[in-house]
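Can you join these two chains into the complex? Each is in its own frame, and there are hints to help.
Here the protein sequences line up with chains A and F, keeping their order. Under my numbering, the residue at position 575 of the first sequence is numbered 575, and the numbers go up by one with no gaps. Under my numbering, the residue at position 31 of the second sequence is numbered 31, and the numbers go up by one with no gaps.
No lab work stands behind these hints, which were simulated from the structure alone. Beta carbons are placed, not taken as given, at the ideal position from N, Cα and C, and that holds for glycine. What you were told as hints is all true, and nothing was included just to trick you.
So, partial list: chain F residues that the calculated Cβ filter (under 8 Å) puts toward chain A:
(1) P115
(2) S120
(3) R121
(4) Y123
(5) V268
(6) P269
(7) A283
(8) S378
Read off the chains here:
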Amino acid sequence: MELKTGKLYMINGPVVKASNTSSFMMHEVVRVGKIGLIGEIISLEGDRATIQIYEETTGLRIGEPVQSSGKLLSVMLGPGMIGNVYDGIQRPLEVLRSRSGDFLKRGVEVLPIDFKHEWDVEISIKDGDTVKEGQIIATVDETSSFTHRIMIPPGISGIVKNVRTSGRYAVDTVIAEIDDGNDKYNLTMFQNWPVRTPRPYKERLAVDEPLITGQRVIDTFFPLNKGGAACIPGGFGTGKTILQHQFAKWSDADVIVYIGCGERGNEMTEVLEEFPELKDPRNGKPLMERTILIANTSNMPVSAREASIYTGVTIAEYFRDMGYHVAVMADSTSRWAEALREISGRLEEMPAEEGFPPYLSSRLADFYERAGKVAALGNENLGSVSIIGAVSPPGGDFSEPVTTHTKRFTRCFWALDKSLANARHYPAINWLTSYSENIGDVKEWYSKTVSKDFFKLRNEALALLNEDDRLQQIIKLVGEDVLPDDQKLTVRAASLIKVGFLQQNSYSKVDCFASLNKQYEMLKIMLVFYEKARELISLGVAISEILKGSILNTLMRMKEEVSNDNVEKITVIGKELDSFFMALKKKYSGKPHNM
Amino acid sequence: MPVKEYIGLSKIDGPLIFIEKVKNISYNEVVEITYKGSSRFGQVVMLSNDAAVIQVFQGTEGLSIDKTSIRFLGRPLEIKVSEDILGRTFNGIGMPIDEGSRIIRGEYRDINGEPINPASRMYPRNYIETGVSAIDLLMTVVRGQKLPIFSGNGLPHNRLAVQITRQARIKGEERGRFAIVFAAMGIKHDSARYILSSFEESGALKNVVTFLNLADDPTIERIATPRVALTAAEYLAFEKGMHVLVIMTDMTNYCEALRELSTARGEVPSRKGYPGYLYSDLASMYERAGMIKGKKGSITQLPILSMPNDDITHPIPDLTGYITEGQIVLDRDLYRKGVYPPINILLSLSRLMKDSIGEGYTRVDHPHVYSQLFAAYSRVHEVRALASIIGEEELIDLDKMYMKFGKAFEEEFITQEEDENRSMEETLDIAWKVLGHLPKEELTRISRDEIERFYEKRED
Ligand SMILES: Nc1ncnc2c1ncn2[C@@H]1O[C@H](COP(=O)(O)OP(=O)(O)OP(=O)(O)O)[C@@H](O)[C@H]1O
Ligand SMILES: [Mg+2]
Numbered sequence: 001m002e003l004k005t006g007k008l009y010m011i012n013g014p015v016v017k018a019s020n021t022s023s024f025m026m027h028e029v030v031r032v033g034k035i036g037l038i039g040e041i042i043s044l045e046g047d048r049a050t051i052q053i054y055e056e057t058t059g060l061r062i063g064e065p066v067q068s069s070g071k072l073l074s075v076m077l078g079p080g081m082i083g084n085v086y087d088g089i090q091r092p093l094e095v096l097r098s099r100s101g102d103f104l105k106r107g108v109e110v111l112p113i114d115f116k117h118e119w120d121v122e123i124s125i126k127d128g129d130t131v132k133e134g135q136i137i138a139t140v141d142e143t144s145s146f147t148h149r150i151m152i153p154p155g156i157s158g159i160v161k162n163v164r165t166s167g168r169y170a171v172d173t174v175i176a177e178i179d180d181g182n183d184k185y186n187l188t189m190f191q192n193w194p195v196r197t198p199r200p201y202k203e204r205l206a207v208d209e210p211l212i213t214g215q216r217v218i219d220t221f222f223p224l225n226k227g228g229a230a231c232i233p234g235g236f237g238t239g240k241t242i243l244q245h246q247f248a249k250w251s252d253a254d255v256i257v258y259i260g261c262g263e264r265g266n267e268m269t270e271v272l273e274e275f276p277e278l279k280d281p282r283n284g285k286p287l288m289e290r291t292i293l294i295a296n297t298s299n300m301p302v303s304a305r306e307a308s309i310y311t312g313v314t315i316a317e318y319f320r321d322m323g324y325h326v327a328v329m330a331d332s333t334s335r336w337a338e339a340l341r342e343i344s345g346r347l348e349e350m351p352a353e354e355g356f357p358p359y360l361s362s363r364l365a366d367f368y369e370r371a372g373k374v375a376a377l378g379n380e381n382l383g384s385v386s387i388i389g390a391v392s393p394p395g396g397d398f399s400e401p402v403t404t405h406t407k408r409f410t411r412c413f414w415a416l417d418k419s420l421a422n423a424r425h426y427p428a429i430n431w432l433t434s435y436s437e438n439i440g441d442v443k444e445w446y447s448k449t450v451s452k453d454f455f456k457l458r459n460e461a462l463a464l465l466n467e468d469d470r471l472q473q474i475i476k477l478v479g480e481d482v483l484p485d486d487q488k489l490t491v492r493a494a495s496l497i498k499v500g501f502l503q504q505n506s507y508s509k510v511d512c513f514a515s516l517n518k519q520y521e522m523l524k525i526m527l528v529f530y531e532k533a534r535e536l537i538s539l540g541v542a543i544s545e546i547l548k549g550s551i552l553n554t555l556m557r558m559k560e561e562v563s564n565d566n567v568e569k570i571t572v573i574g575k576e577l578d579s580f581f582m583a584l585k586k587k588y589s590g591k592p593h594n595m
Numbered sequence: 001m002p003v004k005e006y007i008g009l010s011k012i013d014g015p016l017i018f019i020e021k022v023k024n025i026s027y028n029e030v031v032e033i034t035y036k037g038s039s040r041f042g043q044v045v046m047l048s049n050d051a052a053v054i055q056v057f058q059g060t061e062g063l064s065i066d067k068t069s070i071r072f073l074g075r076p077l078e079i080k081v082s083e084d085i086l087g088r089t090f091n092g093i094g095m096p097i098d099e100g101s102r103i104i105r106g107e108y109r110d111i112n113g114e115p116i117n118p119a120s121r122m123y124p125r126n127y128i129e130t131g132v133s134a135i136d137l138l139m140t141v142v143r144g145q146k147l148p149i150f151s152g153n154g155l156p157h158n159r160l161a162v163q164i165t166r167q168a169r170i171k172g173e174e175r176g177r178f179a180i181v182f183a184a185m186g187i188k189h190d191s192a193r194y195i196l197s198s199f200e201e202s203g204a205l206k207n208v209v210t211f212l213n214l215a216d217d218p219t220i221e222r223i224a225t226p227r228v229a230l231t232a233a234e235y236l237a238f239e240k241g242m243h244v245l246v247i248m249t250d251m252t253n254y255c256e257a258l259r260e261l262s263t264a265r266g267e268v269p270s271r272k273g274y275p276g277y278l279y280s281d282l283a284s285m286y287e288r289a290g291m292i293k294g295k296k297g298s299i300t301q302l303p304i305l306s307m308p309n310d311d312i313t314h315p316i317p318d319l320t321g322y323i324t325e326g327q328i329v330l331d332r333d334l335y336r337k338g339v340y341p342p343i344n345i346l347l348s349l350s351r352l353m354k355d356s357i358g359e360g361y362t363r364v365d366h367p368h369v370y371s372q373l374f375a376a377y378s379r380v381h382e383v384r385a386l387a388s389i390i391g392e393e394e395l396i397d398l399d400k401m402y403m404k405f406g407k408a409f410e411e412e413f414i415t416q417e418e419d420e421n422r423s424m425e426e427t428l429d430i431a432w433k434v435l436g437h438l439p440k441e442e443l444t445r446i447s448r449d450e451i452e453r454f455y456e457k458r459e460d
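Just chain F, with the same shape it has in the complex (with noise of 0.2 Å):
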């Protein structure tokens, strides 16, 4: 199809440029726009008779009405994926900015993909093991989830993701074929950077794809930044049967950006001003996660954000965990009282974790542990608030129980070091002492076989 080339705009306005009297454009269709020989990209984004409304991914910027050109290209969005994407660094629409040369071996790819059939799913039962204790007993990761975490400014959730991804392993299983595909949205350079050095470190750069689009890049671009990822992700996984996971950093600028674009759009806005579409938005990116029958990759998501205002009903965070398999949250009062890893738990959750624990997965005892922990650690919180008014001494002997269960709890099962590796077994035995400070009356949840074979009373 010949290449149709347009001069001059009709109008510019924020993120969004018009023109008209364009004949036989396709909806969605990707534009090159050149303006003083510097050239950028957008997209199709409404057709209306013979003019065209097209999201420039760079901004607008600088752009003139009258000498502005437009080359259509002719199709949607596309990145160009084969196995020589492993090791390369690209921008935030998947041109590489790294020494290395241009792809040349491979097939372009609409970066928005294709829903996976939802009959070819394949269940993602394979527990990931993450040395983590709070995350391995309490919200196990699965291969194929998509798990993100909830943050806030300053928390260390960078620390976390680069320890989970150093850490994980599957059990019995060689490492096998695996990749990462990191894609930062808005993010700092330093924390980009902290990042990538670690994958450095692990020796694991060589099968790591990354797509950056940092703070100081072009903000639109961000939209199209996890869906560029997610597709070199889609082909390493279904194609090429690897192992694949996704870490997406900050979902949060994101939205900000799609908010951004949606209001220049002048379309009527939901909450926070944010578009009424978000939810199938964030959807359309995050169900790209999963298994697919009769195929060896996965995608394991493990998409970053930070709540505004440390706000867990602010839409972004609202509307990740209405789609995602779970979430991890971390607590800024646990940071400042010194936890680390920081994970709040009666908020955190793994939905994909209950058919790939206990007996012949991780142990016998692990799903009765799990549901008394959360039981006691929430009454943990109910004892602590009255603590807070009639004072500790005046608590009842069972109450102080729970009091020094929950400084445990805390202090030996869910605080780690950022490199120890904690097996499973051994987690599970550090909950197992944790729960010692309090009678074994209380563990209505765990079995009495259980109690008898694991349960040891605590006196200290």
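So that you can see chain A by itself, here it is in the shape it has in the complex (with noise of 0.2 Å):
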């Protein structure tokens, strides 16, 4: 293919214009200017093109060069990504960093995987086999507990010649030649998709299985789908980065991506300093073994922040097609929103609400449709894509367009509430408020793998907490005192849920992470507290003297006092409430009601 040239005419922040440019492709990566910034066109009219830069445009003069490369927008899909930190267009930071210091620098371009390292490749085809499309043909243990599963692209199909023996290859050596009669594809071990380009798959698959979390208000209240997606909306402070980085510690999902979208460069240190140090629960494996990290932070160019959600989700689909489940974490989409209204801007189009593109929800839902269960082409495998954005509404909003929107189209919404955080009532999801859609099918996957009153026990407790949001209206109009008996504990029995069970500190070593088992346990026994109490209020017991045993304090204290490994002592813990009730209705059976 002939590379065409155009000339830059107009110059506006990030948006540039050249002329000469019809046999340019839409969507195509183009490098502009002497300096060679990379950019992609997003429009083409007549014999000129809009382009967005994903650099900054300091410098650049009227009349520079505008260079095609014939290739649209893409991501480079191999084994070496495990463990990366990327920019919003997949150039690795850490070489970024060795190439040209601690400071970005500009028209660097680099590639995304490492052509030098040498992997240990077990290939499992040999010459005349017929292959198709997203076939597994070798692997590589990436990590220690990672096997990257080599395919064949989508769109490609035929017989393998040449074949080479299992053994230690880079990701560019060609492994076989597949004949499909009219061409040969040299086949290697990585393969380029465009990122705006959904991965094709075989079939959609029902989504009937939670990704678990280890945080209590999500998995035992609003549980998240593998293959679902989630809007987490908050005010500055409320907790979506920390509740990101949670997931990313602690779901179970195979590969973790996490896309830094506009946000603070500390936080994507922190993950960088903290993943290799923790360890996965499920296998011991340090985190950073499963994870990819996508830093596009909030001071980087905003085409690339635009860009950035896309590469994050074509790299999960990617793992996906492999048979992996895998989480996408975004944070935060409002500031995707927002680099799309400046660009927008930028090209002087019709703005719809609050300045944003007319297309912005279009966008959103192309976007949460990317996550999802799917049996993959070519191979007997299910992966998934899930997907968790944070939104962050203007002044904590949440009728604002990119809430809104972002609503119709995930089908968890995990609220983040102001005035919980700022009681420092973490994580800060107001129960209230949020949901999941999800609950019909993956009650049978709870009761399976749980147990079959999972779903009884938490709608008790939810209905807990609604009757608890009803008196907190009275109480404060007129005090908790004029409340009976069976109303103060409804109170208390509601605090101690939200004080003991949903109440999650990420900070700390035994509960930031609660096993399901404990958390049905936890739940279990907190129930009971609040039947027995009630009956004995029933038989005019009065509240004081349930209060007055430590036995509530026990209760809140044991998300910190049981380990995931030890859940058998809230049996102990069981056995001391059963014994502290048969006491006090042994002191007062017997006696006629005096209250």
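Laid out in structure tokens, this is it:
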């Protein structure tokens, strides 16, 4: 293909225009100016093109060249991605650092994966085999806990020839040739895929399994499916990022793609410093060995921020196609939407709500549609991509466009509440306004895996919290003192659930992650307490008698004092609880109702 | 490269001038604008074919279409940096305005800097003891952090900033090589004088670099001021290994200048007329705080902003809060009650403190006392609301205890003198004294051991 050169005629921040571009492609990557800034064509009209540039444009001049590349904006997919930290257009930041120092320089082109590294490749095809797109033909143990499955790229099939034997190869080594009768395709261990096009799969499947996160308020109350999408809206400092970090650490996905989209540099550093030290609770391996970071921080170019979420989700789909469960965290999608708005503004497009372009909603829909559980192409595997998007509404007001549209395309809504955060109730997920539409899909799974009465307990607890909310309205006006004892008990029991169950400190060694079993046993014993106490109160025992004992305090502290591998301890607490109530009952039984 | 000079403009509109038939101009290039012998500076903000749009830092007042001459300087806005800038005072775009000479030694640096590669950052972990109880215990400042003060007109943000600057120290470390970079945007002369004279009293002046754009200085120049200041700070921190504290005040004035410019450019406005890119614009400055692996120095930012109408949801504090690593919020009601520093505890936050407190850093009980104080004080607010309806006498005993705790917390813990420098130990001890108003069963966020060790019931 012949590479063409256009000519700059307008420069306005990250948006530039060039003429003489009639043979350029939409979404093609171009190099702009003498220093070769990386850009992408975002519209074409006649012989003129509009280009968004992924780097600072200071110093560009009218008349400078725009060089075509013949390629769409793509990611490079193959062994060597895990553990990396990329910018929004998949440039590895460690490599950029070694090339150009601690500050980001412009016009530097680097390969997303290391072609020099040789991997131990286990090849499972032989000459004469017929292969089809998506088929797994080799494996590489990329990290001690992650096996990379090499697939035939979509669109390729045929008969293989010249297959290499298993051995050590670099990713660009041709390990086989595929002949489809017309063309010969050189098969390597990497493939490219354009970020704005979803990768194909055989079939979309029903989602029926939860993504376990270790966060009680999520797993027990508002679970997310593997293959589902969730939205976390919240004003600044309400805990979106901490929650996303918790998911990245503890959720039971095989691969984590964490997209820092227009957020803080230090939050990325934190992951980079912390994850190699943290162990995956399931296999004891460092968490970094299943994690990929995309870091396009708030001070990095906005266009690359716009691209970053596509880069991330495309990488996720690639691992999905191997048959893995992938979880994508995007923090924050509002910054992505703002990038969209800024570029749209420079294009002088007609704005819709709050200056956002009219296509905001369809872009959001397209993005969240890329979540899902699928049967992969060409292999027997099931894989999923779950997406958890943080939203940062201006002024914490959820009626703004990004929150309202995101809500339409996600089935879990975890609303972070400023007043809970101010009171340091973390995670500040409001249990009254949050929801999960997945409950019906995962009921089976919970009853099989944890316990039959799991959702029964959950519903009881939610009902209790709802009742408490009603009582709180009254308390605000007249105080707790005037409530009858049974209502006082409801308030106390709800407070036990709020403090003892819903609150979960991410910085606690014991409590940052709670196994499903621990969650279940905790909730169960709390509800047993409520039930027994209610019974006594109906017998006329004063609530002060019930509160006097140390049992409530013990239940409150259970989350910190019972570790995941010692959940049996709750049985002991259960005995203590039984004998406490037994004693109380004895003391009062036989006595006439005197209250 | 030869400097290109043109005479005559095609249009003047607010802070912008338009010029046509120019050649080989580069985006963001600086221009010198001369009219009747006096000159001012501007910057190219848009280029199209042979026309350029230029924002003029000192405003366009008094320029004419035909006689104004424009020299394109072929470089972005730069300042010259070397250690000679220490102790000096510059205007808002980095030109010396004190008695001293021009900065002769040194290198030119683009005031926009370059983003720190996230992979090069080092996570900040050394806490700074400010001697202010509320801050040290509840929103511990960490070296390399960006922690703004959200204030309002007439609140004592300057006094607090001065107190922090004067008292800040890192435990067990020599004061070391430190510097203060002070950037004033649109503040009054007397505020600037107050801050500068406090530096002078503490003998720190030789380590201060000052950039002044005061209330009566040109508005558009303010757009450059924080960037110029941060460029100086980056040089001192990452080339000279100094620990630099950057005080930028008032960010609200900066944002207003940006809005003015954006409106003049006819851009689609976002909330309250501020440009849609205000977040990115602010981030490009706040993110210049931090530490870098293998480098000795650091940049800690203490930006000050006044919240219009004390409204924390106004775009300026809102977007700032979304970028910075926490915030210290001042409160008018507390101030009226006579509390200094009037810090609204519940709204304030330090996001970096978690790795810098507790055993081995401050004291083992710190994280739990922290959490308990927040929980208890937020309960106080509920109880107070109730008391205002049913009367304090009608409260249950426990709530009465919370009332007492709340009062003691504000009067004994938060309140302190402007020159009172409390150690972390003292601060924690006062916190326990205040918590003594509550029965120990209420202290569910503190471990049983720590209650055993530190708790003492208070009977007064
Ligand atoms: N689960 C938690 N456990 C303990 N502390 C928490 C938790 N969640 C949030 N916090 C506290 O709240 C602070 C702010 O949280 P976080 O940084 O996640 O907010 P955010 O919603 O991402 O804010 P922004 O929109 O500004 O990025 C944290 O630094 C931490 O102090
Ligand atoms: Mg965040």
